[in-house]
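Asks: Line by line, the protein sequences give chains F and H. All letters in the first sequence, in the order written, are residues 1 to 533 by UniProt numbering. All letters in the second sequence, in the order written, are residues 1 to 227 by UniProt numbering.
Mixed in with the good hints there might be a few duds.
[Stated by the list, open to error] Which chain F residues stay away from chain H? Per the calculated CB distances, all over 10 Å, these:
| hint | residue |
| --- | --- |
| 1 | Pro-172 |
| 2 | Thr-199 |
| 3 | Pro-225 |
| 4 | Leu-233 |
[As the list claims (entries may be wrong)] Listed below are several chain H residues computed to face chain F (Cβ distance under 8 Å; list not exhaustive):
| hint | residue |
| --- | --- |
| 5 | Asn-94 |
| 6 | Gly-95 |
| 7 | Gln-100 |
| 8 | Arg-104 |
| 9 | Arg-205 |
| 10 | Ser-208 |
| 11 | Lys-209 |
| 12 | Lys-215 |
| 13 | Ile-216 |
| 14 | Cys-219 |
Rather than coming from a laboratory, the hints here were simulated on the basis of the structure. C-beta: ideal position from N, C-alpha, C; glycine also.
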Amino acid sequence: MRGALVPGVLLLLSTAVWCDDPSPPGKPVLTAESCRSPEKETFTCWWTPGSSGGLPTVHRLFYKKASYEKELECPDYRSGGRNSCFFDKTITSLWEEFELTVVAANALGDATSDTLKIDVMDVVRPYHPKNLALRVKQSNDNPYLYISWQSPLNKTNTFGWATIKYELGVRPEKSKEWKIYDTGLQTNFSLHTVDPGATYEVQVRCTLDHSRWSEWSPAASIKIPINSQKDKLLWVLILVSLIPLLTAICALVVRRNSVKQCLLPPVPGPKIIGVDPKLLKSGRSEDVVSALFGNQKLVNMKARTEEIEEFISVSESRGWLLSDDFLSEKVRSLIIPNGFLFTSKSQDVEKAEDGREDPLFDTRSSRSGDSGTAVEPLLLPPEPQSVNPVSKDAACRSAMQCPPPTSYVDIPTPEDGGAPEVPSDNYSRVKGVSGEDILLEKEPVLPCRDAQIQQISMASDYSRVAEVNSDTTVLLQKLRPSADPSCKEKQLRDAEWKVCRKGKPSGTESSEGPCTPLVGSGYVDSVLNFTVK
Amino acid sequence: MMLAVCSVWLLLVCLVLYSRLKVAAAAPTCTNGQAGCHVLSLANLFDRVIQHSARMHGISNDLHSEFELYFLPSKNQIGRVSRNCHTSTILTPNGKENAQRMAREELTEVILKLLVAWRDPLWHFHQSLAHNHEFSNFSSNKSLEMSDMVHELRKGVQKVIEKMKMLGIMGNSLGGLGTSESLLAPDSAEWRLMKDYDLLYCFRRDSSKIQNYLKILKCRIVPEHGC
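Using the sequences and the accompanying hints, generate a full structural model.
Replies: What follows is the structure, encoded as structure tokens:
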């Protein structure tokens, strides 16, 4: 029995649902929250209908003013929408209690809602403000947001009956909280605390005579543009400040050479006075010769005769630092014994061309006056030093036998005791330079020197560069000490030739070891690398 | 010598005081619009009075809400509340049109009547709250404030009436409003029978009326910003 009860009930219920029997309507619901007076002159009430019971149901609202005993029906069911009742100005009476009832009726019966007692003043609530507008304005190059809206009332002037106060809500795009601004009776507001580039959302609501707040208006958003004018000014300033910088850079680039000279003064290096490096570079023999022996260089050098130059001491001992006339000799005595061989490297030649002054050259020029020997580059093994090069030159001129200026270097030896002598048999005369090679003269032609010319006896291990054949060949002449110190020529006749090939020994070379590769300084240590037959 | 100095000094003091008195006495004769005048204009007076009434209504609202929380009225008490109010005999306009249609003198009279009618009941209400330990000090203070405000507001409205009479805006038909006794209805003792909650309900409604009528009056007499 019990077992059949439950399913039986279920069956009944289901049939009830499925069959949908008509029934009296459900009770409608009418609450104070569902009535509203937007301007303190009219009001509307909405009700919630109950179930219709499956039959067409009619709802009717009845009201009774506290001052009248008679119950009246709602005058307007349409203006407020469905399930509503609108009371116009004539019926609405403030400070009076209204009693409202809704009756739902269908064929089977009716249902009455609970009576609602309201005072219209208690249900005053305006609609939200209309036409919210946002604009960005400028004030002293600072942007601000100008917000404006309109009163929800049709007539803004209510003669003091309805005073509407507004409230703004502003929210930056990324923030979650609304910032509230009380604007009082105004229908506009200027917000100055805005960030350029940010987006803001704004909404507004209002109250009527301390009534309940209206709903928030639909939010409007606006993006504050980045202040282009300020940016323009900034860019203008940047450009203006860049112009002098750019001009400075341009000036630097254009005059980079002089700047380089200023900042990084080149270190004076050895060079051959009177040698035109361009001619040397060209590689033609005649050019080389003219480069080496060009008269124009003589002229140039003549101008420098009276100059007093500073000398560079390459010796380890400081005591040998001298000045003026005697330094040159001393320097030579210092330098040469170390076996420096000046080679006509291009850079040296360049230096020569610069007129930069190698002290030795300068010394020579200063000492030689109009001497043709001033042209002689410091490239060779020691040459008979002329203590009085002037006399030599004089001899040259007078004799008219002077050969073209040679590329000899006087290298005194320390054994001379300070008196430079010209060893006559260990020197080679450089005839010319082709490329990186030094051309040595096979038949050295030396002017006969005066008896005053002293000879410097050199160590037998120096060779004279006689000829330069090609890029890598230096022809060396081996000199033998001669019994006759008076004339170089004799000695030189005995000279033999040697070729020194750069980097590797040559076939004709009798030296046992290769020449030293030309190093940066242009010196060749003949002591180490040359052997004299 | 000393006597001479003293007398001179006294004379100076007297002169100063006299000049001050003169200035003070001159104040009331200052008419509207005169430069350097410190007397309030009618519009200012109205604004002050309206603000006052708004505040009064706010307090009455608060007290009423408080009472509603603690003393929910039974169903029997709801209904026909308006009849229970002792001021229901005073005819008051119940809408905007009715209030605008009323003559300004009539409207002013209604306001005054209301204010006068509530002076005693509120005072007694405060007394009952103060003596009744059930109510908090907060409520008691509020009731006292309310009572004072009604008194102040009535004085303020009377000043406005004087000003209006002086300016010729209002006639002399309000001559009998000076004494409060003339305004009291014969069954004025009815309020003693009212219960606290009903009293608060009635006063809340009447304070709202006063505020609205004052605003209508102001915008009719001195229409300007805020109307």
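Asks: Hint by hint, say whether it matches the structure.
Replies: Do the hints match the structure? See the list:
1. Pro-172: holds (33 Å)
2. Thr-199: holds (35 Å)
3. Pro-225: Per Cβ check, Pro-225/F is outside 10 Å of chain H; nearest 35 Å; holds.
4. Leu-233: holds (41 Å)
5. Asn-94: holds (4 Å)
6. Gly-95: The hint holds - Gly-95/H has a Cβ within 8 Å of chain F, the shortest such distance being about 6 Å.
7. Gln-100: holds (7 Å)
8. Arg-104: violated (13 Å)
9. Arg-205: Since the shortest Cβ distance to chain F is 5 Å, the answer is holds.
10. Ser-208: holds (6 Å)
11. Lys-209: holds (6 Å)
12. Lys-215: At 4 Å from the nearest chain F Cβ, Lys-215/H passes the 8 Å test, so the hint holds.
13. Ile-216: Holds, because the Cβ-Cβ distance from Ile-216/H to chain F comes to roughly 5 Å (cut-off 8 Å).
14. Cys-219: Where the cut-off is 8 Å and the nearest Cβ of chain F is about 3 Å from Cys-219/H, the hint holds.
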